[in-house]
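S.K.: Listed below, chain by chain, are the residues.
Protein chains: 2
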Amino acid sequence: MHFKLAFIGYGTVGQGLTEILLEKKDMLEKKFDFQWTVVAISDTMKGSVYDENGLDMKKILDLVKAGKKLNEYPSGKKGMDSIETIKNTNANTIIEVTFTDVKTGEPALTHIKTALKAGKNVVSTNKGPVVKEVLNLLDLAEQNNVFYGFEGVVLAGTPVLNLAKYTLAGNKITGFKGILNGTTNYILTRMEEGTAYEDALKKAQELGYAEADPTGDVEGLDALGKVVILTNVVLGKKITWQDVERKGITEISKEDVEKAKAEGKRWKLIGSAEIQPNGSVKAKVWPEKLPLNDPLAGVGEAINALTFYTDELGPTTIVGPGAGRRETGFSLLIDLLNINRES
Amino acid sequence: MHFKLAFIGYGTVGQGLTEILLEKKDMLEKKFDFQWTVVAISDTMKGSVYDENGLDMKKILDLVKAGKKLNEYPSGKKGMDSIETIKNTNANTIIEVTFTDVKTGEPALTHIKTALKAGKNVVSTNKGPVVKEVLNLLDLAEQNNVFYGFEGVVLAGTPVLNLAKYTLAGNKITGFKGILNGTTNYILTRMEEGTAYEDALKKAQELGYAEADPTGDVEGLDALGKVVILTNVVLGKKITWQDVERKGITEISKEDVEKAKAEGKRWKLIGSAEIQPNGSVKAKVWPEKLPLNDPLAGVGEAINALTFYTDELGPTTIVGPGAGRRETGFSLLIDLLNINRES
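Those sequence lines, one after another, are chains U and E. Start counting the first sequence at 29; every next residue gets the next number (the working numbering). Start counting the second sequence at 29; every next residue gets the next number (the working numbering).
One or more of the hints may lead you astray.
Note that identical chains are pooled: a pair holds if it fits in a single copy or bridges any two copies.
[To be verified] Here are the simulated EDC-like cross-link-like pairs (lysine to aspartate or glutamate), alpha carbons at most 16 angstroms apart as the crow flies: (1) K310 / E286; (2) K52 / D339; (3) K74 / E161; (4) K231 / E100; (5) K200 / E57; (6) K200 / E51.
These are calculated hints, taken from the structure and not from any lab test.
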């Protein structure tokens, strides 16, 4: 397939994908018959540019990395906003990577709906719209005979949604359990070595894992969003934020960690959901002491992992990165490769 | 797609697949537009039966489980041998699950070649043909515009080949490292608890994990075959048995295990291969002392695991079962679902 791409938002993730597309252009064409042209970019800060015949993405990267605006690109139409770019360009696939409010899901939610209604594929790393109304969006995509991909919203480039949908196809997945937040896992790994919570958090902030306000990570809100997404998408059960029991890691003391160690166990912040015999779902984010023979117990640092419970294979676990600019950019390529395979 | 299936060989794996196909018939049709009829079975011990309109597989399972021959099936043509069944029936897909010599790959190798040349898809759990000449067989499949699937030969139903081909698509995979043999991992797990090697082996034999002659497992030959397969198929590098350095677990003493434990490490029999800077491959099966923060270190009992080294995601690991009658039967369904998706 020949993708005519439009970026809505053009921050680090979009730039990461651009680098991958440029570096892998030949391989993608030879191995997957995957061709691409970027026809438009629209970003609230950087401006916008559209050329139906395609933009020179090396030039674009140079401009953006030099802190310049897209207006300085030597040709093409300037000044189209995001909605115009979605509706009034020849792009067949929209890459939605704007800076979005996780709670309202905006402006990504509006962008995604507009694109799907216009019969354009959407790939996006924005979590808000998925948490808020993933099943609606998937319906909308189906009605318009296009694809909505969001692999990156759970574990960045570690392809957990793909694993569930394609690689584990034929299994009934009845539940999952995972380390869904890298920051808290990094903090717990340091505490395991004897570092106090406050110092471990400080280190995580220095490394850029944790925000200045770390609430979203350490209180389990980030993991909770991922539990909602996985429950809706993989287990096929409609739940929202309110349906998930939640406790973060802030009450875990150095003594708790030492005590677990003495028992041959390790604290991990676990996001999980399980379909109950009556068909309902029990979902939670909670610190758990795992025995060392649990595949999740050995997963340290900022690495993430997810175990699916399946009827044919029993527990099946994937372990990989859960964040990162290039890894998250790569998740968009996974979605694009799926569109390519299915069309 | 409507699969018209012929089983060549009909032991526990074929029967396991039959159970899955019967139990999941409705789901497969609804979810994947996957329809199937078994038109023929040919087994050297159980006899053979062919009906171009399809066999009643519940009846067949009852017959076989009662220790009866296929001749007692009330209708259909009897007495066709495996080659006739492959060539002269209306089957479009051959399920090759005969009892086969791992070294020569026969009779599976002849069956697979015959089927591919006749323009029929093949799915098979036989390891011999894959170790011996997988690249030839894949070429032959491509020339005849059909599919040759063998997911089950590495880790039974844990979909490592699918993971590499579909879910990790877009990555360059530069190496792998895994626990590829359940029996030795079971033995090492028991030794970790203080059991002596001989007693752990005896227990593995009692549980049916290890054969009466355990050489294939404990000397690393089984894992070696899997290293050859993964190197050829996933890394795309042609190697054979002779190219793999090998050492089993028989020389690991209770003291070695204790010593590793004191160092915070664990012995695992690791199969690995890595593409070298000059393009050659270094492949081996060797006992390694892993630190506890290696995702493979936490994988105990008869469970298997495989880490792929990728350019975009770094190390990405999958953990799941590596054997079992139903799990291996399920691996054939994974291959059939791929054919269904691609056709």
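S.K.: For every hint, state whether the structure bears it out.
M.R.: Quick rundown of the hints versus the structure:
1. K310 / E286: For K310 and E286, the Cα distance exceeds 16 angstroms both inside one copy (30 angstroms) and across copies (41 angstroms).
2. K52 / D339: between (38 angstroms within a copy, 11 angstroms between copies)
3. K74 / E161: Classified as neither: same-chain Cα gap 29 angstroms, cross-chain 55 angstroms, threshold 16 angstroms.
4. K231 / E100: neither (40 angstroms within a copy, 73 angstroms between copies)
5. K200 / E57: between (35 angstroms within a copy, 15 angstroms between copies)
6. K200 / E51: between (38 angstroms within a copy, 12 angstroms between copies)
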